[in-house]
Each structure stands twice: as C-alpha cells, then as structure tokens.
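Build out the structure end to end from the sequences listed, making use of the hints.
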Amino acid sequence: SFAPGELLGSGRVDVYRALGAGIFPVINLDSVVTIDAGGDGRYDPGENVDVHVHFSNTDDPIWADAQNCTLYLSCNDPLVEIIQDEAYVGNIALGAMAHNSAPVSFRMHADSTYGHYVKFVATLRGAENYTYVSEFILMVGYPEIVVASQDTNSVVIGKVTEAFDMGQYIYDVVRIPEEGFDLQRMR
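Under my numbering, the residue at position 91 of the sequence shown is numbered 357, and the numbers go up by one with no gaps.
Think of the hints as simulated: they come from the structure by calculation, not from any bench. Built from N, CA and C at the ideal position, the CB exists for glycine as well. Just to be clear, a hint being listed does not mean it is correct.
Simulated DEER-style distance windows between Cβ atoms [unchecked claim]:
#, residue 1, residue 2, range
1, V421, S367, 36 to 44 Å
2, I442, G304, 19 to 27 Å
3, K425, T336, 43 to 51 Å
4, E428, S367, 37 to 45 Å
5, P344, D431, 21 to 29 Å
6, E347, P327, 38 to 46 Å
7, D377, G288, 46 to 54 Å
8, A362, K385, 23 to 31 Å
Here are the simulated EDC-like pairs of lysine to aspartate or glutamate, each with C-alpha atoms no more than 16 Å apart in a straight line [said to hold, decoys possible]:
#, residue 1, residue 2
9, K385, D343
10, K385, E347
11, K385, D351
12, K425, D438
13, K385, E401
Written out as structure tokens, the structure is:
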C-alpha cells in the first residue's frame with residue numbers, strides 16, 4: 267500500500283546516508299596551519315610556505331573511518347607556484363582528527379607586487395574511492411592598505427574594516443604595541 271504508515275512508510279529518504287553509511291566517512295576541514303620561511307606570518311614574494319591541513323571525522327557511529335588518506339593541494343592563481351602538492355595523512359577514525367605530518371607547500375611568485383587573496387583547494391583521497399574537497403583562502407603578499415591601531419577593544423578597527431569590506435578593498439590590520447614603535451631605531 268502507498269498509504270502513509272503502511273509498508274512503504276512515509277517521509278524523506280537521505281540517499282547519501284542510506285547508501286554511504288558504514289562505507290564512507292564524513293570528513294570536515296577544521297583548520298589550516300601555515301609556516302612561512304620568514305617566520306613573520308606573511309607570505310612574501312619568493313618565500314616558501316609549508317601548509318598543514320587538519321581534518322576531522324564525524325563521531326556518528328553509523329559512518330566509517332577514513333582510511334589511507336592522502337592530501338592534495340592545488341591552486342589556479344598564476345602568481346602561486348605549488349612546490350609540494352601531495353602529503354600522506356593516514357587514517358582518521360570516527361570522532362578523531364588528523365593532519366598531514368609532512369607539509370604540502372607553495373611559493374608566491376617573486377615578481378608579484380601587492381597582496382591579494384588566493385583560493386587553495388585541499389583534496390583528501392582515501393580508500394574505497396572516497397574523495398573530500400574543500401577550499402581555503404589565504405592573503406599572500408602585502409596589501410596596498412594597512413590599518414594600524416593601538417585600539418585594544420577593536421571598536422575603531424571594526425568600523426574601519428567594515429567599510430573596507432563593504433567596498434571590497436584588500437587590506438591588512440597591524441596592531442601597534444602599547445609602548446609604540448621606536449621610530450629612531452627604524453630609520
């Protein structure tokens with residue numbers, strides 16, 4: 267019978283859950299950790315940057331562990347050169363996190379001038395033809411606009427950056443220490 271509550275039941279069917287449960291994991295990209303060669307947290311022209319991508323697997327027991335996973339890094343920006351595009355991640359058990367122990371890496375082209383946002387694609391491939399794709403964005407180089415402030419409660423900075431965001435300007439924020447900068451030493 268096709269009547270609700272009869273043999274065929276009623277409601278919606280989650281096809282992915284129905285077919286993938288027990289076979290595939292449910293992976294999320296949790297964070298991206300970068301280490302630039304200069305150690306200043308900026309990705310300067312010509313500088314190598316190591317990247318570690320942290321993934322997590324659901325703790326829902328209906329799903330499966332991610333097994334034998336490898337991370338692949340890609341980018342379509344012509345000013346970014348991918349140096350090492352592949353790194354082994356290993357297994358990600360239910361409810362666990364994992365990251366690539368050896369870094370993937372990139373370099374910003376030495377001739378690039380001003381900073382811009384770059385979209386990277388992190389693809390995780392594992393056993394059973396499992397593939398997870400996620401994107402993350404990093405600022406590379408120095409932007410034309412730098413906002414500097416000692417504002418400790420971020421009210422003023424928030425208003426300024428909100429205006430830049432609305433205008434879709436590329437900018438960066440630099441916090442000035444309370445003791446200020448020694449301008450005599452900087453000359």
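Hints the structure fails to honour:
none
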